[in-house]
Amino acid sequence: MAWGKVLLVLLALATTWGSPWRFSEASNGPQQIKTTPIEKGTFTLPSNCQTSCGDISIQYPFGIGDGCYLPGFGLTCFEQYDSSVPTQLFMGGDGTLEVTGINLYSGYVYFKLPVISMAVDQSFITVPLIDLQNYHNFNFWATNNVLFVSGCNVHASLVDLAKDNTIIANCSTICLDVGPDSSPIRREECSVPIRKGIRDRVFLGVRLTRLDQTNATAVSAYVSSSIGSSDFKLSWYMDDHSSCREAMSDMETYACISNNSGCYSAFSGEIRDVTVGYYCSCSGGNKGNPYLTDGCQGLTTANIYPAKNCTRKCASVDIPFPFGLDTESDCYRDSSFALVCNQTATPPVLQYQGKNVSEVDVESGELHLMEVRKSSQGLTLTERHSVHGWSIPYHSCEDAKMNKSLFACVSNHTTCLNINGSKGDQLGYRCQCEQGCAGNPYVLNGCKDVTTPKIYPAGDCTRKCGSVDIPFPFGLDNESDCYRDSLFALFCNQTTTPPVLLYQGINVSEVGVERGELSLIEMRNSSQGFTLIEGHYSWLIPNHSCEDAKRNKSILACVSERSTCYTVNGGNRGQLQLGYRCQCEQGYAGNPYVLNGCQDINECGNSTKYTCKGICANTEGSYNCTCEPGTFGDPKIGECIPHTKKRTIMLVLIIAASNVCLLLLCIMLVILSKKWKERMQKQIREKNFHQNHGLLLKQLISTSEHDAERTKLFALEEIEKATNNFHETRLVGRGGHGEVYKGILSDQRVVAVKKSTNLKKSEIDEFINEVAILSQINHRHIVKLFGCCLETEIPLLIYEFISNDTLSHHLHVPNGQSKLSWDDRLRIATEIACSLAYLHSDVSMSIFHRDVKSSNILLDDNLVAKVSDFGASRFIPLDQNYVHTVVQGTIGYLDPEYYQTSELTEKSDVYSFGVILLELLTGKAPIYSNEHGDEVNLSKQFLQAMRENHALDVVEDRVLKEGNKEELLEIMQMIEICLSLKGAERPTMKEVEYKLQGLRRIRMTKKRLPSFAEDNEATETNLSDAFDPSTELVDQRNQGTSTSYSSEKEMMYQRPYSPR
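Under mature numbering (1 follows the signal peptide of the UniProt record, and there is no 0), the residues of the sequence shown are numbered -18 to -1, 1 to 1042, in order.
These are computed hints drawn from the structure, not numbers from a lab. Treat the numbers as computed from the prediction; the structure is a model and nothing was measured. Any given hint could be a false lead.
[Stated by the list, open to error] In silico DSBU-like cross-links for lysine-lysine, where the CA-CA straight-line distance does not exceed 30 angstroms:
id: 1; residue 1: 680; residue 2: 703
id: 2; residue 1: 669; residue 2: 659
id: 3; residue 1: 724; residue 2: 680
id: 4; residue 1: 446; residue 2: 290
id: 5; residue 1: 906; residue 2: 922
id: 6; residue 1: 742; residue 2: 801
id: 7; residue 1: 436; residue 2: 295
id: 8; residue 1: 656; residue 2: 669
id: 9; residue 1: 657; residue 2: 680
id: 10; residue 1: 436; residue 2: 532
id: 11; residue 1: 964; residue 2: 943
id: 12; residue 1: 906; residue 2: 964
id: 13; residue 1: 801; residue 2: 724
id: 14; residue 1: 989; residue 2: 947
id: 15; residue 1: 591; residue 2: 656
id: 16; residue 1: 657; residue 2: 694
id: 17; residue 1: 724; residue 2: 669
id: 18; residue 1: 656; residue 2: 618
id: 19; residue 1: 989; residue 2: 906
id: 20; residue 1: 535; residue 2: 436
id: 21; residue 1: 737; residue 2: 657
id: 22; residue 1: 664; residue 2: 703
id: 23; residue 1: 659; residue 2: 703
id: 24; residue 1: 446; residue 2: 436
id: 25; residue 1: 766; residue 2: 906
id: 26; residue 1: 446; residue 2: 535
id: 27; residue 1: 669; residue 2: 618
id: 28; residue 1: 664; residue 2: 618
id: 29; residue 1: 430; residue 2: 532
id: 30; residue 1: 659; residue 2: 724
id: 31; residue 1: 947; residue 2: 964
Work out the full structure: start from the sequences and follow the hints.
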C-alpha cells in the first residue's frame, strides 16, 4: 500500500517505543565516532549476577550486587513475601527512584513517578517529583517527556527546585460557563512537551496554582513519555569521560569492550551540541550487549520463507510476512516481527508490545498503531493513532545480499533500500517492489504486475453500511469489483448494532465525493463521559497527475461525461504532486467517478442557493432568470423595477452623476488653486532669496570651512514648521528691532528666531556682511548664531534658544526682592564685560553692540549670562575708532555723547554697561518711578549721590548685606567713570573686565582664607595683585575662536587700572 500515506493523511508520526526495529526516535541519535581499530579490554560478568527483578530484565552495565554493574548503574530489587504485592526495582539503594524498564539498545531507562493531585479546596501546591542531583549518568537528551494536566482553571508548572524554582514548562486549563461568544468554554486538559533546556542533575517538581475557584475541580498532573502512562524516560550514559574520543584514549576504563561495538557521544539535556559522556551500541549488523566481552553477535538464523498455513488476518487487519503471530514461530522472520492477536477482545485486536495495530504496510514499511489508555485518576481515555517506520535491522543491503540465508527480499522484481537515521547512522534495510509492480517483496513471487484499476464498478455492489452511503470509487473490501483498488476498500462491521463502516479500524461517518473528504470519528472520554470527535480528511486518486491520467483512458477515474479533473499538490510550498481529484462541471452535481454520475442541477428548484426574483427557466448546466413584462433589471441580483419608475431612476442617476462631477470639479479647482499658491510662494521665496543677496552669503559661507560647519541657510518652510507658522504661543519677546519666536528644528534643536521689522533694502549688503562675520563669533557668553533665512522679505536670524529669560526679568521683580545674590550679580557683570571686550577687541572687525541693556542679556538655567540682540550692532573697520550712524538705542542706556554727536564708539557700549552694572548694584531700572510717581533717571541719581558722598544709600539692601564696603565702593567708582559724559574719560571694556575679575578673585580668596585675606587686603589694590592672568581670565578670554593670548595682552594685564 505505497499509496496509503498519500491517499489519506489520517495518522501522524509518533514517538518511538524501544524495539529492534529502530523506529523514528532511534533515527535522531548521534553519529558514531569513526575510529581506527583499537585493542579492547575483556570483562566476564559473574555468574551469580541477577538478570531480572520481577518482570523487568536487567542487563549490564546495570546490575545488582558486587561486580555486576558499572559505577552509577547499581540497582536494588525489593521482593515481597506476599506474592500479591508486585516486586519493585529501584535505582541505587535509597528506594526513591523506581525503575519500570531498561532498554539497552535505545539507551533509555524508565522510571515510575507519582501522579500529583490537588484537592478542590486547595489553591496552591508544590510537590517534588524526581531528584537527580546525585545521579550523574542520566539526562533528558532526546527523551520527549510531556507534562499532562487535568482539571479546571489551573496553571501547572514543571520547575527546578534546586535552581530557585526555575520554570521548565507550563500550561493552563480553563473552564468558563460563558465565553466571549456566550457559549461555555471547557478546556479541562493541557499538556506541554519537555524537549530542551533542562540541565543535568535537575531536581524536578510540579507547582499547581488555582486560577479561579469558579468551577473548581480536583486536579491531576503527571510527567510521562506517553499519555496515560506513568513511565518517565531518561537517557543514560557513561560519565567518566565527556566524549567517545576522550574515552577511547583510556582503554582501562573504556566501556565498549565487545568486538563489533561502536561508541556514541551523549549530549547535554540543557545545551545543544555539548557532549557530557558516551554510550555503546552493537554495529555492523550485530546485536547483543556491547558492554560485555563478545557481547555483540551477528544474527545467525532468520525465517525468509514462512510456513504455508500461517494466520494472515486478525479481525479486519491483514498480517503480511515478515510479520506473523507470536504463536506461529515459522510465520514471522524473527522475534522482532512477532505480533499478538488478542482473542479476548470483541472483535479480536492485533497488538504489538501492548499497542493495537490498525495496519501493517509492507510496501511503505509502515506500522499503524492505535493506543487506548485510561488512567485510574480519571484522566483522558484516548484513541491515539501513530505511524511508525520499520526495517530489517542490523544489516545494510550490501551486507545482507552476501548472506542469502538472511536476505529478506526474496520476491522477484524487488529492490533493496538502505535505511539511515537523520545523523547518517545505519538502521537497516527495507525491501520494495520494482516500479510497475505491487505486492509483498518479502515472500516468493510477492511482487506482481500492477493491475489496471477499476473505473466501472459491478452493478450489484453494496452501497450502504448502516446509515452511511458508500459511493464509488469506494466499496466494501469483500466485494472486489465494487471499488477502484485496495486503497478505496472499506470494511462494514456487521457485529455491531447498527453496522459501522470502518476505514483502517476507524469509524467512517460520511464519504464525500464532491469535496473529496472522508469524515472519520474517534471516541474520547472526558469528565462528562464519552465524546465523539469528528475529523474530515481529504482523499484523492494517487500517483498520477490529470495530464498523465488523461493519456491513459483505462485508468482515468473521471468517467462521467460532465466531469473535470484537477491535479492536487502538497508538501513544502505545494511543490509535491500528490495525485488528482474529479469534480462535476459547473451547473452539474453528483458522482464524477461513475458513468452519468454528474447530473444537471435544477437551479430553479433551489431558490436559496440560486437567486431569481423573476421568471426562472432551467437550462442544461445553467438557468435563465428574466424579469416579467413591464419591468426591467437583473433579477439574479435584485428586484425587477417597473418601467414607470425608470424615468425617475434615470433622473436621480443623472442628478447624482452631475453632483459627483461637480464635486470632482470643485476638488480639482481646490487642488489646482493650492498648487498655484504653492508655485507663487516658491517664486516669491526665490525672489526674496535673490534680493536678500542669498547667493552672496552662500558664497561667503562656503569660502570658510569653519563658517560652513556653524552657519546654515534655512528654508522658510523649515522655520515655519519650527515656529508653528509664527504662532502667538511661540512668541517669546518683542522689541524695537523685531520679534523673537521659539522654534524646534527637525533635528530637535531649540532655537530663537528673530523676525526684524525695520531692515531697509539699502542695508541688505550690510546685513549679509554682518551675518558672515557674526557667524565667526563663538563665545560662551554670546548667544550663538545658527544661521539665517533669506526667503522672506526681511531676513530671519536663527540663534540658540536661552530658556531662563533676561537679566531684567530676574532683577526687576514685582515685589522688589530679586533672588540674585551679590555673587551671582558680580559674576554676571564679569561675564557681560568679558563678552563685550571680546566683541570690541578680539574679532577680526570690532563690533559695537549699540543696544547693551539688561533685557538683551539672557540667562541660562545656571544663570550664566549670554549677550543677545545684535540688531543695532555695527562693524568698525580696523583703521577707524568710530562710525557715524543714526542715533539708535534705549532711553536710560543711551550714551549722551553718542546722542549729541551721532559718533558711535566702543565707549558707547561702556556707558550702557555702566548702567547695567548700576542696575545690578541697586536693583532698580534705568528709568523708574519713585514713591511720588515721578520718573527718575537712575544714572543721574547715582552720579549726584556720588558727588554728595552718600551713594551707598541707593545700593540694594541685599547687596549691602552680602557685599563688603570696600568692594562696593570700588564698583561704584568704576560705574561713575563708565558713566562719564565724555567717552574719552571712560575705560575700555577690557579694563572693566580685568577690574571685575580682580574683585571677584579677591572676594573668592577672602571666602576661602578669611584671615589671609584680612592681612593682605590693604596690599591688593590693583589688578596685578588681585588676579593671575594665566589662570581664570585666560580661560574665559579664550572662549572666542578669533584670537588667542599674546604678549601684548600680558603687558595689559600688568598695567594698573586707570580710566582713559
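Structure-based check of each hint:
1. 680 <-> 703: Satisfied, since the Cα-Cα distance of roughly 23 angstroms is no more than 30 angstroms.
2. 669 <-> 659: Holds. Residue 669 to residue 659 sits at ~15 angstroms (cutoff 30 angstroms).
3. 724 <-> 680: holds (25 angstroms)
4. 446 <-> 290: violated (36 angstroms)
5. 906 <-> 922: The given pair, whose Cα atoms are some 13 angstroms apart, holds under the 30 angstroms limit.
6. 742 <-> 801: violated (41 angstroms)
7. 436 <-> 295: Holds, at roughly 25 angstroms.
8. 656 <-> 669: holds (20 angstroms)
9. 657 <-> 680: holds (29 angstroms)
10. 436 <-> 532: holds (15 angstroms)
11. 964 <-> 943: Violated, at roughly 33 angstroms.
12. 906 <-> 964: This hinted pair holds, its Cα atoms lying about 24 angstroms apart.
13. 801 <-> 724: Holds. Residue 801 to residue 724 sits at ~26 angstroms (cutoff 30 angstroms).
14. 989 <-> 947: Within the cut-off at roughly 15 angstroms; holds.
15. 591 <-> 656: Given pair residue 591, residue 656 is violated - Cα atoms ~53 angstroms apart, limit 30 angstroms.
16. 657 <-> 694: holds (28 angstroms)
17. 724 <-> 669: Judged against 30 angstroms, a Cα distance of about 26 angstroms means the pair holds.
18. 656 <-> 618: Since the Cα atoms of residue 656 and residue 618 sit roughly 47 angstroms apart, the hinted pair is violated (cutoff 30 angstroms).
19. 989 <-> 906: holds (28 angstroms)
20. 535 <-> 436: This hinted pair holds, its Cα atoms lying about 11 angstroms apart.
21. 737 <-> 657: Within the cut-off at roughly 27 angstroms; holds.
22. 664 <-> 703: holds (16 angstroms)
23. 659 <-> 703: holds (18 angstroms)
24. 446 <-> 436: holds (20 angstroms)
25. 766 <-> 906: holds (29 angstroms)
26. 446 <-> 535: holds (29 angstroms)
27. 669 <-> 618: Given that 30 angstroms is the threshold and the Cα spacing comes to 65 angstroms, the pair is violated.
28. 664 <-> 618: violated (57 angstroms)
29. 430 <-> 532: Roughly 25 angstroms between the alpha carbons, so the hint for residue 430 and residue 532 holds.
30. 659 <-> 724: holds (27 angstroms)
31. 947 <-> 964: holds (28 angstroms)
Violated hints, listed in ascending order, are 4, 6, 11, 15, 18, 27, 28; each of the other numbered hints is respected by the structure.
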